[in-house]
Structure formats: structure tokens, C-alpha cells
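> Listed here are the chains, written in short residue letters.
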Amino acid sequence: MLAEAKSLEQQIRDFYEEYTICLDDADYDRWSSYFTDDAEYKIISRENFDRGLPMASMSCEGIGMIKDRVTALVKVLVYEPRYWRRYVSSVRVKACDGNVIKSGANFLLYESMLDREPQLNMLGQYHDTLVRDGDSFRIKERFAVYDNHRILTTLFAPV
Amino acid sequence: MLAEAKSLEQQIRDFYEEYTICLDDADYDRWSSYFTDDAEYKIISRENFDRGLPMASMSCEGIGMIKDRVTALVKVLVYEPRYWRRYVSSVRVKACDGNVIKSGANFLLYESMLDREPQLNMLGQYHDTLVRDGDSFRIKERFAVYDNHRILTTLFAPV
Amino acid sequence: MLAEAKSLEQQIRDFYEEYTICLDDADYDRWSSYFTDDAEYKIISRENFDRGLPMASMSCEGIGMIKDRVTALVKVLVYEPRYWRRYVSSVRVKACDGNVIKSGANFLLYESMLDREPQLNMLGQYHDTLVRDGDSFRIKERFAVYDNHRILTTLFAPV
Amino acid sequence: MTLQERIRGDDIELKWPEEGPTRIPSWIYTSEEIFRRELEVFHYGKSWNYVGLECELPEAGSFKRAWIGPRSVIVTRDENGEIHTVENRCAHRDSQMTWKECGKFEDGMIVCPYHNWTYAMDGSLKSMPFFRGAAGNPGMPKDFDKKQHGLVKLRTTVRGGVIWATYQEDTPSFEDFVGEGLPWYDRLFNGRKLKLLGFCRQIVPCNWKFYSDNTHDGYHAALLHTFIPKFGLWRPDGDYHQVPTADGRHIVYHMKYDSGLQHTRNEVTDELRVLKSEYELEDRRIVNQHSDEFGDSTNTAFQVFPSTVIQQFHSSFSIRHMIPKSATTHELSWNFFGYEDDDEEQIKARIRHSNLVGPSGFISAEDTEIIAQLQPNVNEYDSRHVIEMGGKGTEAAHTMISESAIRAFYSFYRKEMNL
Amino acid sequence: MTLQERIRGDDIELKWPEEGPTRIPSWIYTSEEIFRRELEVFHYGKSWNYVGLECELPEAGSFKRAWIGPRSVIVTRDENGEIHTVENRCAHRDSQMTWKECGKFEDGMIVCPYHNWTYAMDGSLKSMPFFRGAAGNPGMPKDFDKKQHGLVKLRTTVRGGVIWATYQEDTPSFEDFVGEGLPWYDRLFNGRKLKLLGFCRQIVPCNWKFYSDNTHDGYHAALLHTFIPKFGLWRPDGDYHQVPTADGRHIVYHMKYDSGLQHTRNEVTDELRVLKSEYELEDRRIVNQHSDEFGDSTNTAFQVFPSTVIQQFHSSFSIRHMIPKSATTHELSWNFFGYEDDDEEQIKARIRHSNLVGPSGFISAEDTEIIAQLQPNVNEYDSRHVIEMGGKGTEAAHTMISESAIRAFYSFYRKEMNL
Amino acid sequence: MTLQERIRGDDIELKWPEEGPTRIPSWIYTSEEIFRRELEVFHYGKSWNYVGLECELPEAGSFKRAWIGPRSVIVTRDENGEIHTVENRCAHRDSQMTWKECGKFEDGMIVCPYHNWTYAMDGSLKSMPFFRGAAGNPGMPKDFDKKQHGLVKLRTTVRGGVIWATYQEDTPSFEDFVGEGLPWYDRLFNGRKLKLLGFCRQIVPCNWKFYSDNTHDGYHAALLHTFIPKFGLWRPDGDYHQVPTADGRHIVYHMKYDSGLQHTRNEVTDELRVLKSEYELEDRRIVNQHSDEFGDSTNTAFQVFPSTVIQQFHSSFSIRHMIPKSATTHELSWNFFGYEDDDEEQIKARIRHSNLVGPSGFISAEDTEIIAQLQPNVNEYDSRHVIEMGGKGTEAAHTMISESAIRAFYSFYRKEMNL
Ligand code: FES
Ligand code: FES
Ligand code: FES
Ligand SMILES: [Fe+3]
Ligand SMILES: [Fe+3]
Ligand SMILES: [Fe+3]
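Chains as they are written, first to last, in the numbering used here: chain A, 1 to 159; chain B, 160 to 318; chain C, 319 to 477; chain D, 478 to 896; chain E, 897 to 1315; chain F, 1316 to 1734.
Take these hints with a grain of salt, some might be off.
Said to hold, decoys possible - Computed from the model, here is a short list of chain A residues facing chain B with C-beta under 10 Å:
1) 89
2) 114
3) 117
4) 120
5) 125
6) 146
7) 149
No lab work stands behind these hints: they were computed from the structure. For each residue, glycine too, the CB sits at the ideal point set by N, CA and C.
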């Protein structure tokens, strides 16, 4: 079955789901490969995003900072171990101009600690710019905009 | 990529997701355009639905009442501001007879208030009758059947 | 629209969603038809699964035990009535060798009791082996691995 | 420490303000001690509680679950057609007898799921497995008296197709309990058979008296709710009556519907900022009268304390059932109904007009929304609400713009609660 | 105000009913004061608590987390192979030492994440960064005595591959604590090395004693659980024994398995409505015996109070660990195991028969389901449970149809709790 | 029963340990009584609370919501440009006046949604519908005095673009309140107009003083946080000062940044196990200085008790707002800002360096993560934290490796709380 047989919407949906699977599987090295070298990556509150305030809870300028987040998560930081699980829905292609695609999706992030009940950690929507890369895509810009008024304790999980 | 290349299931899934996006984006004027002029729209408890009781928590007979709901939501009613986010899953085509399609899906509705943690507001399933309208569809009948025993405080959000 | 026009990923996704719908509709007799006669079916904690411990919260060896679970659920066991609703996401094809497909997905299970608010009952991922059966598939092996540290009260719902 | 916890710790004395019913102390909305006393005095005391409609029990063996505050009870119909109300709680070990909203008991017996103690529809203990032993075991002691171990039974009465229950032997008759408002009750429950149209239930994170207060508060209705004055459902310059009855226990509201009222403007409407809003409806059937069923062109709400508001707005009939769950949570359960002989158009009108009320009602959704947001402030502050609109009296008021029904209710409340 | 809150406010006196162990007051299932006293008297008192299996600690440095009521402890193996139990709580500022279920401590040292105080596997404080200062800072005061600042250590013992811990110096030896039921313990833990098969954990919204009571309640087993009499696992007319030991502290259950029993009918089975249900199994391997491992064709459950029920149903072996979390919540953790030298078929049989028990067990799921729904009623009502099946005594009963084990337990409980 | 509940039941006496500030009893982190007393003594007492930045109120009618513990207040700017702080609570029936974070009040009036009582921006009651009646109703009583029914107003002051509010008339001036640390305040808030960059909010399941303690705890910073010593942001062998001011109420931290420090090794770094970790950054811009804005190559944190820590790490400026919600929960709200005339590169640097702090900061995420896991242990245990690093004194320390700032704070705390 050839990828060409798929509509752009399907390809984009597959891309979002693969990305999600990659993170759920904690395959963080591969995760960084989803980004272009000059990627901008932010996890930002809906409050700041809607008001045009630039501060994000996590801000990466370029692939180096994204990889440094992986290093911190895997090797450096002290945090409670847990399982993260992501649900992506309503994947949408907003615009497509040559190799550049504006897209988005809704996301849900759950976390399951090792001594208590799972909880909804974060929910919101992606506002992305993708670029084609062969059969697949890379993320040139991602704003993961979370609806929750407050981060639940801390933010370690990439989305 | 032509819409014709998509299976009916895909088209219907796309339709449900577009509808969801439209509501999440609070694009309510466009929302009313998803319905036929004579559409019946109900948000009804699973309890009433399963027992064959006709009363719904929200009942619209025709596009006028649907538009009036938009008017009330946008211009009239006093309610706590919040972000709503919907997740749709298990989109299904139950029957297709010419231009008339019986379909359904599962939905989840979360809400994020501006001073506390997000909460699951409603979950359930759609029981729909769609009609073809050119490349897309319109909703002729929607029963949004919610599983939750009780509405959480109030019901303002269309689903 | 012919099934052949669908990619394997789509077919598998459809299969997962149909399965989910079947369970949500409490169509348990049909549910058992999704399995091969020699199917192995387990609902197992992430803790046991990751540590290689074989004990599961529910273990069926073959279609007989699966059907016996249906009998117990429908005719025998005493438990609080409720509505279950499942959300499946990130369906993935991990490998395909002839008629044998390794696949997986994320799942969420909510339950709505008849006198209180809905709650998240279980979440996790499927690790499956499917075999082709004509236009569709059957499950030869399913590990439904739940992330939650503890079962919420009891486990009655198949996933 | 919330206000409620401070009260428990005796930091705050439960003493009503000296001003009397023109002041309400915030602790009546937060204290678990007050909440428990309310249940004992009102719901479990000499009151008739709403438990259902007769039409919900179509045949012998039928049952429905109901709630009296945090307690669930079962309403049954026995083979003689008699209706009973029993607690949903086994005399053996407190097991719930059923988890269902309604259904039919097989063989007309209520069987406990845990050890199968078996009760008749009136709650009397009939049998249990191995009562006289088995395989060498003696069974229950000889002095075990089944009569002492039935389900707790409530007194039950039916009037006009509506079922009421009380815990107390000496509660006055339902008619005496309702008192002078009875004609308003009988206007709706007039002997025509009722037909259940469905339930809408809400769980609301605030004290249940905020809901009760809000129904007593005609003042807010013209100011919070755009729909009411805009479409002239009723208006401060219209014919509106709030009438305390039974010493303030129950309160009757009735207002004439005048379809022309919405078009007039005067110095009263000048005070209504909600009228400024510019919008129109595409389909006015929701706000217009469908038919004048009672020949009086009147809409009504009658609070039969402590459990219900009986309401007729145009063609929408409902019993709003207030179910306190804790000091800071209540359920509001809307029981919509019509008459058995309603034709299809009439039922449609009942459903259509019910868009004004219920969890997403153009009017009622605003009520629940506004009261829910009072709770955080009363939790935090030891405050006094100022109830002086329309003066300081407790008499009937013939205007929306008065808080006298609230004052009348709290005069009654203080006396009963000994506050 | 729930019953528990009323108790806290002294509305309800904590006085056992005069009838003695034939009555259980509902407040023992709701009061946080009772709950705290239970922990002090039982779990933190002169009891041995289950903390794990020796095979969970394969090597020096291995650790596993365990729970004693709401407290988490760490069970470790040191370089001499000795097993220790210490609290999961730093002596400096109460930080948890680990968040993990199990693992290995590097260098055999437990290092606190917050300020890196470093403890040996037995909990003794070994070192801390900058103990003697740095860069002009004097470090810890000269009079700081590391010996006074170790992790709190519990006494630990191992018998038959199972690890037990106690807070008290004067708790009797494990053998004396278990008492006359010890042969039933040793039957399962007989020196063969154990093999961990996995955990199934449940969080249950009710008081933990409802679970304990349920295991003492042979009476329900034939009435609630269809599977038990239907497939003759045991039956009221079979060979069944409930034997209080150690004055009612621990209770032994043992019942002979007779594969023919399921096919007989008599006046006993006539009382079992659950036998009426018409259904069959497609695969009877779950209910049939796989092999008679102990040569006695017997199934057993032994409640070693307060923390466990040790259970063997056919080939399924488990330690059911009861972990009270609050007055109204407990965890039930199933620790499934076999023997190290089990062959593959034997392990399969253990897993297969475990479908009878655990969170979705054909039998056990009904237990947890039924007890969870008792809690709302005991929260609301100040009631007395009536425990009179089989008479009023507390002796061993040789039938399922008796509540004497419950009475025996509460005789013991009242004495220990001083109620 | 958690520790907190035991305290409420008087099982535990609220008496500070005899050792003084070298011991902290765990009940200060769990007791709701203590929590309530803290709010009364500190937040609602003679303290200045952070409520916002002047730049958040750009014009007449602008408002923003702020939190003082569990209370929400509204900060407004009136038509004269004056800034006011009023409670978000109607004088009539405790309705919240707004649900929004910020916005603009139409016509410069605050209108209650429930009955439209209308207040000026300074909280004074201006009007209400039907004040003088309508349609025969008399309106409000003649003796109703609008002046007695305004919104509760707080004293408000602005210094350097930051807005502070206090409940008490006799709170000293903001400058006297801050005391000798004022130059550190003025270093950042030096008259240059501020520019809001955004908020990051966290809800944290532990007592708010764990967060406060953690900012006073230089000791953990080199041991928990790899990033700090690894990249030489500061180090135990560097130039680091923790200076209690105002008798321990506020504490100033300042440390020189020396980019060479990270490369040196000595007997101090030998004690830092976190330095052993082998990893590198791909992009060091996050840890390296962008520019030396104040010409002193210094990073600072200044805890202005009880509501804020004012912080400058490299180019990241923030006011960390500590908002106690209950004894066991607090919000931590990061208010990031720069100067109005920052160029784009400067803003980018502020955002970039903010990756060190906030909810996912390479440093700060570990702080919140570690303190949240202390709460279960203090809930369960009546313990004493041992605060002896660097001796037993409360003087300024010129090293990271000291707990003297914690001791200084608790000396102040005991005196104010009368413990
Ligand atoms: S609890 Fe009802 S029969 Fe035992
Ligand atoms: S809390 Fe453990 S070292 Fe400080
Ligand atoms: S509560 Fe504000 S006007 Fe009534
Ligand atoms: Fe209203
Ligand atoms: Fe059982
Ligand atoms: Fe820190």
C-alpha cells in the first residue's frame, strides 16, 4: 500500500499519531527527529497565547534546545516516575502552501503515578507549521497551547 | 487530493472532526450551517433516551431554534467563561440509503475554567441522520446522548 | 466504495473502532466473534507487563474462556449497573508479515454510574496480534495493558 | 480552614444577626452542622417529601428510586395497587437493595443482593435463606423476630398523581401541610392522569438554599435574566405576585402573561439594563404562549418546602426536586410531565417551552450558574447578606422587585431551626 | 455532615451496643477516630504486617516498597543477605526516599533526593554532604549525633519466604503471633522457594473492615456468588470449616473440594436461588481442579490479621494484602505467587485459576463490588448490623451458613480497641 | 485521620519543640487551624500583598483579578489613573463581580451580575436598580446607607511599577515593611517601565511554606539541582549570600555569576554527587549570561513575605507569587516581565533564561516536584524536621551550605504566630 494513495489529511493524521506514539513510548531521541533544525517549540498557556503574551512554560529555539530537553528529562532531572499517555483528535489541515503546511489537533495528556489514581495532566490544541520531508513531515513550529488554567504540579512531559 | 478518493467512512469522520473543530473554535455562526433547515437537535440524557422519554436538556426544532441558541450563547446569557474542548472517536456509518446516512460517534467534552482545574463535562454518543450536501453533509437529526447521570452544574456547551 | 481502496492502516483503524463500538453497545456476543478460536486475551497491569510478570487481572486462553466471560458478565455476576464508553486513539501497525499483523492502540475507558459523576476507569495501550480473516481481521493475541496503578474498585468491563 | 471548618471548631457562633430576616449569615450555607440539623428538622422531620409520580409505577411490582437528601428510598407498588416508600437499605448489613432508577421486582419481592434477605413491597421481612438452618447449623436464633427487622418504612400519600413521603407519624396530612396554597397545587394536579416526559438532573456545587432563595427572589428575575423582561414573560411593571403561605414555609408565585407587555416602555423598563441588549429570536415559539390551558393566562411556581418547586411556565410543567447532598452540594432534578391525554402538538409544546427551564434553559441555566459561584465567597467570608429590597417586612408582595418572600422564608426557617 | 463528621462532633457516642458481638455499629466503618485507633492498636501495634516475598529481593541492594496502612516502608536486602524494613521518610525533612515499587540502590546506600543524606540498607545514617562544612561554613553542629537521625526501622522476620514487619519491640514472635493456625500457614509456605507471578491492585471506596468481614462471612458465599455453589467449589452442604484462632484475631477457613458435589440436589440447595440461573461454561478448566498439590483436595483462606488473607483456591496462590488508606478507602493488593520449581503447565494453571479471584475474579469481583456499595449507607445512617446467623456464639463453625467467625472477630476487636 | 484531623481533635498540642528554630514540627504543614491563623496574621494582617503590575492596567476602567490566599480581589484603575484594590464580592449577597482574569469595566462601573448593584472603581456603591422602588414597591428602606454597603476596599500602593495591597490601616508603609532589602527591590524596579511577558501558573498539592522554605534553603540547591553547580550558575564555593532582613520576615539572596566557576574542581565539588552526571548541553544559551544588565554580574532572589519571591536569574525576571489555597495546596504563579524598552533580542533572552525557572524550569521544576512529595509524609507523621546545617544560628550566611535563613524565618514566624 503506497503512501501516495493517502490524502494529505490522512498523512497528517498519521504523522500526529506517530508522534504521539513516539512520546508515549518514551522514545525521546526519535522525538527530536520530528523537528527541523530551526524549529520553534513552545508549550504555552491558552491565557498567554490568547492575550499575545510571549512567555511559555517551555520554550525551545532550535533543535539544540529540544535535544537538551531530552537530556534533562532522561539523564538529569529529579521527578516522580509515571506513565504518560496522549490522545490526539480533530487533526486538521488549515492551509497548505507548497511544502509548508499549517495544521493543528486537539490533545489530551494523562499521567499515571505509581501509587495513586491517574489524572488528566493537560489538554489543549496544537498550532503547527510542518514542512514536507520526503514521505513524511517535520515540525518547523509547534505551539502546544494548554487550556488548563494551571500546570498540575510541574511540567515534565513533552506533548 | 480529491474528496472522491475518500471512502464514505473517511468523509464522515472528517465531517465529524470539522464539526468538532468548529465548536472548539467557538465559530458558532458556522456551526449552525452544519444543520438542515428542518433539523432536529437534542442533547438528551441516556436515561431518557433509553427509556423512550422525549424530554431533552436542549431541544431545537429547526434551524431557527439552533440559531437562537447561538444568539443566547454569544449575546445573551450570563455564564462563567471557560474553554471547551471536544474529542470525537469511533465514528461509525450505520446505514447509507442514497443521500441519507445514519451515523454516530462517541464524544467527550472537557471544560477549563479560568480559576480551577479542567473537568470532564459530558460524555456520550451521537445518533445522527445526515444528508449529503454536495461534497459534504448536513445534519438532519442529531441526538447527542450523554451518559452522565447529571449535568455538571449547567449545560451551555453545544456538542 | 470498496474496502480494497483503504490502506492497511485505515483498515486496522476501522477494525479497532468497530471493536470499540461493539463493546460500547454491549453487543457481547458479537464481541467474542472478534477473536480466533485459540485467542489469548489478557487485561494486565503495566507494572506486571513491564516487569515480565505473567499474572493478569483477566486471562482467557481461547475462545471458550472469552465466551465464558460474556456469560458471566451478562447472566451471572452481581455488579453495579453503569454505562461504559471507550475511546481509542493512536492506532498503529507495528509489523505485517503475510496475514499476521502486529498492531496496537491507546485506549481510555470511562464509566458512568446511575447515581454519581462519570469517572475514568482505565487507560492504557493494546499490544495485539491480528490475523486476516477475509475482508477483516481477528484477534489472535491481545494484551490490554493498563497504566493505572490500581483497578478502580473492580474490573468487569472488557476492553 | 473553610468557614464551615471554622464553625465546627467553634470559632464562629451560630447566632442569627440581630437585624433579623433582613440579614442572612453566610454560615447557613457552609456549616455541616446546620446542614445536618436542616435534614433532621425538615426532610426527616414533619415534612412531606416528593418521591415521584404515580404514573412511574404502572403495575404491581414496579419500583422507582427516589432521594430524600442524601438518603435513597424505594417507592413501590404492591399487588393491591398500594404505594409504599421504604429505605434502600437492608436491615441486615446496610446493603443497598437496588442500584437502579426504576424497574420491576420479580415476584413482588425485594431481595437483598448480599445474603438474600427477602422483603415484601411494604418493606416487611418475609424470609431469608437458611432461616431455620441447614446441614447441622441452627439458622437464626429462636428469638429473632422478623417484624423487628423490616426495611424502614415511610408514610406515603398520593394527591393528584404525585407521591409524597414523610418519616414522621405526626406530620399533618399533606393537605394541611401544604395549607392555603393548595388550590394552586390542584390547578395543575387536577385529576387528569399525568404522563412522565423525562428527567433532567443537575449536580450543583453550592448549598441547596441558594437554589431555594433564588426561587424566592423575584428581584433578580428581571435583572439577571434577559429573556424574562425582553419577551415579557413577566416584568416588574406586570401582574406578579409572591405570596408566602403556611407562615413562610411554602411560597406561591403567579404572574399573568400579557403578550403585549414586551412592547411597552416606561420608567420601570428604563431601570432594566438587560433590555438594552440588541438581539432577536428567529423562532419565537419558545417564548410565546402555545395555549392557555387553565383559562387564566397565568404562569406559576409554587415552592412546596423542603423538596420541590412545582412549576408551570407556558406549556412546560415540571417538579423541580431540590436534593441536598452536603452543605456545599445539591442535586436539582427536573421531573417533566404532561397529561396522559395530551395530543402530540401539546407534548411538543411542553418540550419546546422546557427550553426556558432545566439545565440549559434560557432562564434557569442562569440561575444555577449564578448561585454556584456564590459558594466560594461564603466558604471564605463570615458575611451577612442584606435583604432589604421592598422594605423589611415579610408580607406578600405584588411586584417582582421585592425580597419579602426571602424574608418570610427565613422568619420561618429561624423558628424551625431554633436559630 | 456524614456520620463520621457527626462522630467527630461528639453527636454519637462511641459505645458498642449492649447486645455484644451480634450487633455491629455502623460508626466503626466511618469514624476517622476509630480508624486512627485501629492503626495504632493493630498495624503500628503488636502485629506482624505483610511487607513482601523474599524472592522480591534477589540480591544485595535490592529493595521493594510496601505499605502498612497509609505509611510506605522500604524493604531492603543488605550485602550480608539480611532483610530490613525502614520507613520511606528522611530523618531530615520527611522526604520520601524513593517513589518506585522496587529496584536496586546503587552502592547499597539509600540517598535522599532532597539534600542527599545517605543511609545504609538498615536505615542508619551514614553520611551527608558538607557534614563538616565547606568554604567557611561549619557544617553540622558538633553535637549532632548521626545515630539519632536514622530512618525509622521496623523489626523484620521471614518465614517460608514471606517477609513480615512490626513496629513494636514486644510483639511476640511471628509464630506465637500466628498461633494455632500455623500449620495452615506452613502448608503453603513449606520451604519450597516462592516465585512471584504478579500483582493485581484495587482501590476500593469503603472501609477496610468490610473486606475483612466479608472474608469471615461464609454465609454470603453461597448466596451472592453463583459460581461457588454452581460449580461445587464449596457448598452449604459440603465440608466447610471456619475456625477462629488466637482468640478471634486470625481465622482459618478450609473446605474439601469434591468434584461430584455440584451435581447433587437436596433441601439445602433448594434454598439457593443462585442455583436457578441457567448457564453453562464453555471451558470448565477455570472451575475444575488442576491437580491436588497438597494431597488433601482442600482449598483454604487464612486471615492473618490485620494485613492479609493467605489463600489457595485450586492452583491459585495469593496473599491478599488489605491496606487501609482512610476510614472510607482501602487498597486490596493481590500478591500472586507459585513455587520456583513450578513447570509451565503449573504456572498456567495458577494463572487460570486466578480468574476466580482478583479484581475481575468470577468470585472475588462480586465481593469488592458488594462491599463498596455499603459505604454510602453507613456514612448516612447510625445503624446496627445484625449478626445472628448460626446463633450468637463465637465458636468454630463447620458450615458455610454461619456468622460466628464475624462474631469471634468482633469479640477480639472490642477487647483490643477498648470499645 | 490525617495529622491535620488529629490536630483538630486536639490529639496533638500545637506547641513548638523546645529546641527552637532548629526543629520544625510537621503540623505547621498540615493543620487547617494553623493555616487559618497564618492568613489572619500575615496575608490579611499587617502585610503588603502582591496584586499585580501597573502595566496590567493600561487605561481608565481596566481591571485585573488577583489572589490573596483563597480570596480573590479586583485591582482597578479609575478615570484619574488611580489604582484601587477591592474584594471580588458583592455587598448584597456575596456574588463574585467578575470571573475574568482581566478586562475593562464598561462606563467605569463594576456591575454585579446577580441584581446589578453598581459600584465605582474604588468599590463605593453608586446605584442599584429600583433603589427608590417601582410600580408600587417602595424600593430600599429609607435608612439604607449606600456608604455602608460598598465593596471591601484594601489599601493599595505602587512602587517601581508593582502594585501591593494590604487589609490593615496600620500596616507600615511599603518601604518600611520591606526594610533594609529595599535597594535590592529598587535594583530591579528602578523606574524603567515594566512590560508584562506572561504568566505560568502551577497548582501544587502541598503546604505553601514548603515552597517558602525551599527558597530559603540554599543547601538543597547544590544537591538536588544538577544544573546549578554543573553550569556554575552558583556553587557552594562561589560568592553566595543569604541575608535575613526585617527580623527574618524577608530574606535576600544574591550571588555573583562567574562563568569560569563551572570549570574548577576542588574539595567542595567532591561532595557534589550531582556533578558526576555525564551530560552536555547542545545549546548553552540557556545557562550562559546574555548580558550583565545591572553591571554587577549578580543573580538575585528576594522573598518579600508573605506573597512573593522577586527573582532575577540572568535575563529572566519574575515575581513568583505564592498563593496559599488550603493547608495542603498552594498555587505558584510566575509573573514574568521585562522593561518596556527592551529590544527583541532582550525579550528573547528573557524567555530563553526563563527555561531555568517556572513549571518546567531546569531548576524550578525540581523544587516543586520535591516539595509536593513531602506532603504525604507530614500528613501521616507527627515529626520534627532537623534544621542544623551551618549551626543553630539565624544570622546571614555567606555560603549556599546553610539552613540559617530557614531558622531566621521560623524565629520570626513563631513570634508572629505566637507559637
Ligand atoms: S446485607 Fe442484606 S441480606 Fe445481608
Ligand atoms: S529531606 Fe532528606 S536530605 Fe533533606
Ligand atoms: S449579589 Fe450582587 S447585586 Fe445581588
Ligand atoms: Fe431566576
Ligand atoms: Fe465472597
Ligand atoms: Fe531549588
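> May I ask which of the numbered hints given earlier this structure violates, with the numbers listed in increasing order?
2, 3
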